[in-house]
Amino acid sequence: MTHQYPALTAEQKKELSDIALRIVAPGKGILAADESVGSMAKRLNQIGVENTEENRRLYRQILFSADSRVKKCIGGVIFFHETMYQKADDGTPFVQMIKDKGIVVGIKVDKGVVPLAGTDGETTTQGLDGLSERCAQYKKDGADFAKWRCVLKISDNTPSALAIMENANVLARYASICQQNGIVPIVEPEILPDGDHDLKRCQYVTEKVLAAVYKALSDHHVYLEGTLLKPNMVTPGHSCPTKYSPEEIAMATVTALRRTVPPAVPGVTFLSGGQSEEEASINLNAINTCPLMRPWALTFSYGRALQASALSAWRGQQDNATAATEEFVKRAEVNGLAALGKYEGSGDDSGAAGQSLYVANHAY
Amino acid sequence: MTHQFPALSPEQKKALSDIAQRIVASGKGILAADESVGTMGNRLQRINVENTEENRRAFREILFSSDASINQSIGGVILFHETLYQKDSNGKPFPALIKEKGIVVGIKLDKGTAPLAGTNGETTIQGLDGLAERCAQYKKDGADFGKWRAVLKITSTTPSQLAIQENANTLARYASICQQNGLVPIVEPEILPDGDHDLQRCQYVTEKVLAAVYKALNDHHVYLEGTLLKPNMVMAGHSCPKKYTAQDVAIATVTTLLRTVPAAVPGICFLSGGQSEEEASVNLNAMNQLSLPKPWKLTFSYGRALQASALAAWVGKNENRKAAQEAFRKRAQINGLACRGQYVVAGKTDTAATQSLFTASYTY
Chain A
1 MTHQYPALTA
11 EQKKELSDIA
21 LRIVAPGKGI
31 LAADESVGSM
41 AKRLNQIGVE
51 NTEENRRLYR
61 QILFSADSRV
71 KKCIGGVIFF
81 HETMYQKADD
91 GTPFVQMIKD
101 KGIVVGIKVD
111 KGVVPLAGTD
121 GETTTQGLDG
131 LSERCAQYKK
141 DGADFAKWRC
151 VLKISDNTPS
161 ALAIMENANV
171 LARYASICQQ
181 NGIVPIVEPE
191 ILPDGDHDLK
201 RCQYVTEKVL
211 AAVYKALSDH
221 HVYLEGTLLK
231 PNMVTPGHSC
241 PTKYSPEEIA
251 MATVTALRRT
261 VPPAVPGVTF
271 LSGGQSEEEA
281 SINLNAINTC
291 PLMRPWALTF
301 SYGRALQASA
311 LSAWRGQQDN
321 ATAATEEFVK
331 RAEVNGLAAL
341 GKYEGSGDDS
351 GAAGQSLYVA
361 NHAY
Chain B
1 MTHQFPALSP
11 EQKKALSDIA
21 QRIVASGKGI
31 LAADESVGTM
41 GNRLQRINVE
51 NTEENRRAFR
61 EILFSSDASI
71 NQSIGGVILF
81 HETLYQKDSN
91 GKPFPALIKE
101 KGIVVGIKLD
111 KGTAPLAGTN
121 GETTIQGLDG
131 LAERCAQYKK
141 DGADFGKWRA
151 VLKITSTTPS
161 QLAIQENANT
171 LARYASICQQ
181 NGLVPIVEPE
191 ILPDGDHDLQ
201 RCQYVTEKVL
211 AAVYKALNDH
221 HVYLEGTLLK
231 PNMVMAGHSC
241 PKKYTAQDVA
251 IATVTTLLRT
261 VPAAVPGICF
271 LSGGQSEEEA
281 SVNLNAMNQL
291 SLPKPWKLTF
301 SYGRALQASA
311 LAAWVGKNEN
321 RKAAQEAFRK
331 RAQINGLACR
341 GQYVVAGKTD
351 TAATQSLFTA
361 SYTY
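Chain order of the listed sequences is A and B.
Sequential numbering from 1 applies to the first sequence in the UniProt record's numbering.
Sequential numbering from 1 applies to the second sequence in the UniProt record's numbering.
Treat the hints with care, since some could be wrong.
Derived pair list, reagent style SDA-like, types lysine to any residue, alpha-carbon separation capped at 20 Å [unchecked claim]:
{"id": "1", "chain 1": "B", "residue 1": "294", "chain 2": "A", "residue 2": "26"}
{"id": "2", "chain 1": "B", "residue 1": "153", "chain 2": "A", "residue 2": "140"}
{"id": "3", "chain 1": "B", "residue 1": "242", "chain 2": "A", "residue 2": "4"}
{"id": "4", "chain 1": "B", "residue 1": "317", "chain 2": "B", "residue 2": "45"}
{"id": "5", "chain 1": "A", "residue 1": "200", "chain 2": "B", "residue 2": "294"}
{"id": "6", "chain 1": "A", "residue 1": "200", "chain 2": "B", "residue 2": "242"}
{"id": "7", "chain 1": "B", "residue 1": "294", "chain 2": "A", "residue 2": "288"}
{"id": "8", "chain 1": "A", "residue 1": "140", "chain 2": "A", "residue 2": "180"}
{"id": "9", "chain 1": "A", "residue 1": "200", "chain 2": "B", "residue 2": "142"}
{"id": "10", "chain 1": "B", "residue 1": "139", "chain 2": "B", "residue 2": "129"}
Covered by chain B, according to a simulated footprint, are these stretches of chain A (three or more residues, beta-carbon under 8 Å) [stated by the list, open to error]:
{"id": "11", "region": "131 to 143"}
{"id": "12", "region": "258 to 265"}
Calculated from the model, a selection of chain B residues having no Cβ within reach of chain A, i.e. all distances over 12 Å [to be verified]:
{"id": "13", "residue": "36"}
{"id": "14", "residue": "49"}
{"id": "15", "residue": "57"}
{"id": "16", "residue": "65"}
{"id": "17", "residue": "89"}
{"id": "18", "residue": "92"}
{"id": "19", "residue": "96"}
{"id": "20", "residue": "113"}
{"id": "21", "residue": "159"}
{"id": "22", "residue": "288"}
{"id": "23", "residue": "323"}
{"id": "24", "residue": "333"}
{"id": "25", "residue": "340"}
I should point out that these hints are in silico values taken from the structure, not numbers from a laboratory.
Beta carbons are placed, not taken as given, at the ideal position from N, Cα and C, and that holds for glycine.
Excised from the complex, chain A in its bound form (with noise of 0.2 Å):
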């Protein structure tokens, strides 16, 4: 801890912030749309559509068709690593089709999670291995961000201090290695909802997590303005009995990112996990009228979220394509509002009445 040894020269440093800032641009978010094969089989069988690489481009196809209306809401869109090599009908490859409309394109590069021994089934996450050399191609091929999804779970035994402190040190080294080649690493730390656990449970263990993520981030020189978090909202377990209003949830959120992530890094863009499209968005406004200082952009970064009503739009039907990519915009532009704390939902209570339901922060 004595010396420095400079990771990053002022350009790489500038490069890097530069591309966070534009990712997390006001009113701006990111489309996750990196599902991988096997999780597209998923959603392609919820809709009946066979999932063949053909319905998958298709699939993408109508949400990066979207119009110029996206320009303003959608700051980057994660990839998968099929995805990044396919081309629209007319020929265009789909990384161009986001780079003209202003879009930055990231790139999923994790390879999924492995056991860790002796837990209570929890996880760590591979693809560390040659990733300097992927990462290199993945920005000549036009990626300027990265994802890395790390999981942990909320049980009696669970999150073990093994499992936060590992996965924070493989996110950490996941980022440092990003940015040598030019990369934004999106550090992704997401506590699964599962479970019958409270809102204070969890925000509980995820001051814990984060706390650790950034510590191991600041042990590892990574350039936090640099960097992008995707974190989980912190909201009850599935199964939790008690029920939680937007805005105790959004406190419950804000208040666990101030105890932990520092003002530095530039903007936080949330995982939806297993929320609806209107509850991603009704909390993700509620998390933006917090009357918390938040000195980060508070933004989404959504998949299912985002989706789902495209995807049903389309139940792979050519002639749904344009209806499909419609539901996808106005989702879009909901979560663009959300973002900015100017939606008001889709005909419930109106800001006012909401304000009132914040708990002071000191019940936190």
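Please build the complex by placing chain B on the supplied structure of chain A, with the hints as guidance.
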């Protein structure tokens, strides 16, 4: 890391948070008047005054009997144990004298440095024994915040991993115990300015030290909203041949803090170290003029930089009391302005000229 066992009730949290906010309310900082007997000896010797209990009392009385309007610049005063139980010439206890001006009373709690064997002259801090009982007593006797100073130094081999980790841990233990007893802990990890290292080296070390401090505070379940940080400014070593401007110091310092200090911390009260009164004010002012976002108050906790002129005006003579008080009042007022970035240094060019010296923060 699985379950939370709340360290504080919501009422305790609110009380701590309220105290911290009062100390660093807009334009206010701290008078560090907690010099130990030995340190006061150094100060008094320089003005040829004998280091007796009465002389120490008399000088502190000069400071504490300032007109109540001093409370516009001074939000808190740190006392040494002896001083907490001294009285003014009318028999009024010093804590009462301070509190009736609406200023919060604090108490130095550490018991000085102890060597870390096997290191290059590094130290940790003692004072944890019986600390809970001492805190409870001080709270009864009028104190609402505590202070504990850890010391690190920069050389070619220091600070070592052990020194960073051990000092961070003792600071966190002290902070936890304070909060259990209703005292807001000021956390002071001072990195000495001794040496010939440059600004970048100090910044690097400060970032590593602060990252370790906040990880330790998180591990020890310390409520950040009820703490204050008292760090060194980021500056070159005393014998560094290269000279830096106030803007250089400001940008390096604020960048460091943005990368390490969570937004939940209400205020950062810099120590003045070896700086002159004017230097300490100008540097603080430069920080508050920066357009970088600052989610915490940036203020002062100055000892020498608030008292040097007062001491020199007093020289132990009763007839100089008014002049000494005026000298103190002036410095307090100037530092109050510096907290708002409104200190206009006589003879300096205006902000337009200084603006051009700002380099984009990504180079740091």
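Evaluation of the provided hints:
no. : hint           : verdict
1   : B:294 to A:26  : 19 Å, holds
2   : B:153 to A:140 : 44 Å, violated
3   : B:242 to A:4   : 18 Å, holds
4   : B:317 to B:45  : 14 Å, holds
5   : A:200 to B:294 : 28 Å, violated
6   : A:200 to B:242 : 51 Å, violated
7   : B:294 to A:288 : 18 Å, holds
8   : A:140 to A:180 : 14 Å, holds
9   : A:200 to B:142 : 34 Å, violated
10  : B:139 to B:129 : 17 Å, holds
11  : 131 to 143     : violated (count 0)
12  : 258 to 265     : holds (count 7)
13  : 36             : 29 Å, holds
14  : 49             : 41 Å, holds
15  : 57             : 38 Å, holds
16  : 65             : 35 Å, holds
17  : 89             : 41 Å, holds
18  : 92             : 34 Å, holds
19  : 96             : 28 Å, holds
20  : 113            : 19 Å, holds
21  : 159            : 6 Å, violated
22  : 288            : 16 Å, holds
23  : 323            : 42 Å, holds
24  : 333            : 28 Å, holds
25  : 340            : 17 Å, holds
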